[in-house]
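Here the sequence shown is numbered in this note's numbering, starting from 1 and rising by one per residue.
For the record, the hints were derived by calculation from the structure and aren't laboratory data.
Each hint can be trusted.
Between beta-carbon pairs, the in silico distance windows are:
1. Arg297 / Thr13: 37 to 43 Å
2. Leu27 / Arg299: 28 to 34 Å
3. Ala104 / Pro211: 48 to 54 Å
4. Arg129 / Gly106: 31 to 37 Å
5. Pro211 / Ala56: 47 to 53 Å
6. Arg129 / Gly179: 36 to 42 Å
7. Glu93 / Asp33: 20 to 26 Å
8. Ala232 / Gln130: 31 to 37 Å
9. Asn296 / Gln233: 32 to 38 Å
Glycine included, every Cβ here is placed at the ideal spot set by N, Cα and C.
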Amino acid sequence: MADNWIGIDLGGTNIKAGVVADGGAVLARREVDTQADRGFEHVLARLVQLVSDLLADAGLMRTAVRAIGIGVPGPLSHHRGIVFSAPNMPGWENAPVRDRLSGATGLPVSLENDANAACFGELVAGAGRQMQDIVMLTLGTGVGSGIVLGGRLWRGSYDAAGEIGHTIVVPGGRPCPCGQRGCLERYASASAVGQRAAEAIAAGEESTLAPLGGARGTAEAVTAEAVERAAAQGDALARRIWDETCYYLALACVNIKQTFDPQQVVLAGGLINAGDALMTPVRRHYDGLHWRITPNRMRIDFATLGGNAGLIGAAALARSEFG
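The whole structure should be built from the sequences, with the hints applied where relevant.
The structure is reproduced here in structure tokens:
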């Protein structure tokens with residue numbers, strides 16, 4: 001009986017994939033460029049080739065793999081197996097990913113949102129092991145999120161649960177590409193940290209970050225890493241931006257606690273490279289904000305699987321669906 005699964009984490013820039021055993025061990029792993037600009041059919045062909053290459057790397061016949069799990073960015077229907085659209089991936093409008101990939105590989109396919117897959121990966125093999133109820137926030141270009149309750153991924157009635165990055169934390173605040181104003185990801189994502197600092201400098205505030213290009217208001221010139229480093233060196237603007245970022249993350253954690261009452265919130269993504277410089281103020285603000293009526297047992301921790309979370313989670317979700 002086959003007891004292996006293929007997990008794929010598909011992004012606009014690269015694809016991470018691996019063969020994952022029932023026990024969670026990654027038997028083979030590859031990472032390739034997505035080449036998303038060449039359209040859906042080209043990326044699909046790359047996925048099919050990647051599956052073949054992984055089987056060869058692991059020394060397995062196709063019959064030794066039960067199913068494929070794939071995490072894809074953007075809104076999708078898990079039940080219909082369709083991706084409605086994928087950021088920075090032209091030609092993925094209403095893409096029938098599940099059926100096309102299954103037909104080309106001869107294996108059942110489970111389609112999932114990439115943030116959901118990463119959250120499930122942390123549950124089964126990372127920071128959330130031994131937990132049943134966790135919420136993960138991925139702090140990168142935006143704020144992705146996933147929710148697991150009772151050990152099961154919570155997708156909502158219409159596959160739209162977990163858009164915590166688009167909960168509003170500042171009514172009427174910064175405009176978001178989603179069409180709303182004041183979304184969490186416009187204040188607490190890695191990209192937002194740099195953007196907010198650059199805008200403040202462009203508006204005339206003094207900062208040691210100005211020579212990086214902040215005076216031109218360019219988000220690319222002032223990164224979250226640069227802001228955190230300047231904050232550690234005492235730059236007043238950087239310290240304010242960084243502390244506000246941690247405050248908004250803590251506020252999100254409070255709202256998560258009040259809504260879902262999970263055992264743990266897991267923070268992932270590029271912003272967590274700041275380590276204690278991020279976690280300490282987030283926990284401090286959280287302690288000052290959380291509801292006092294009920295005991296506060298919810299943990300806030302960093303993710304531990306890094307770049308493997310998505311593929312491990314996708315494989316685990318395939319197992320839960322087809323195992």
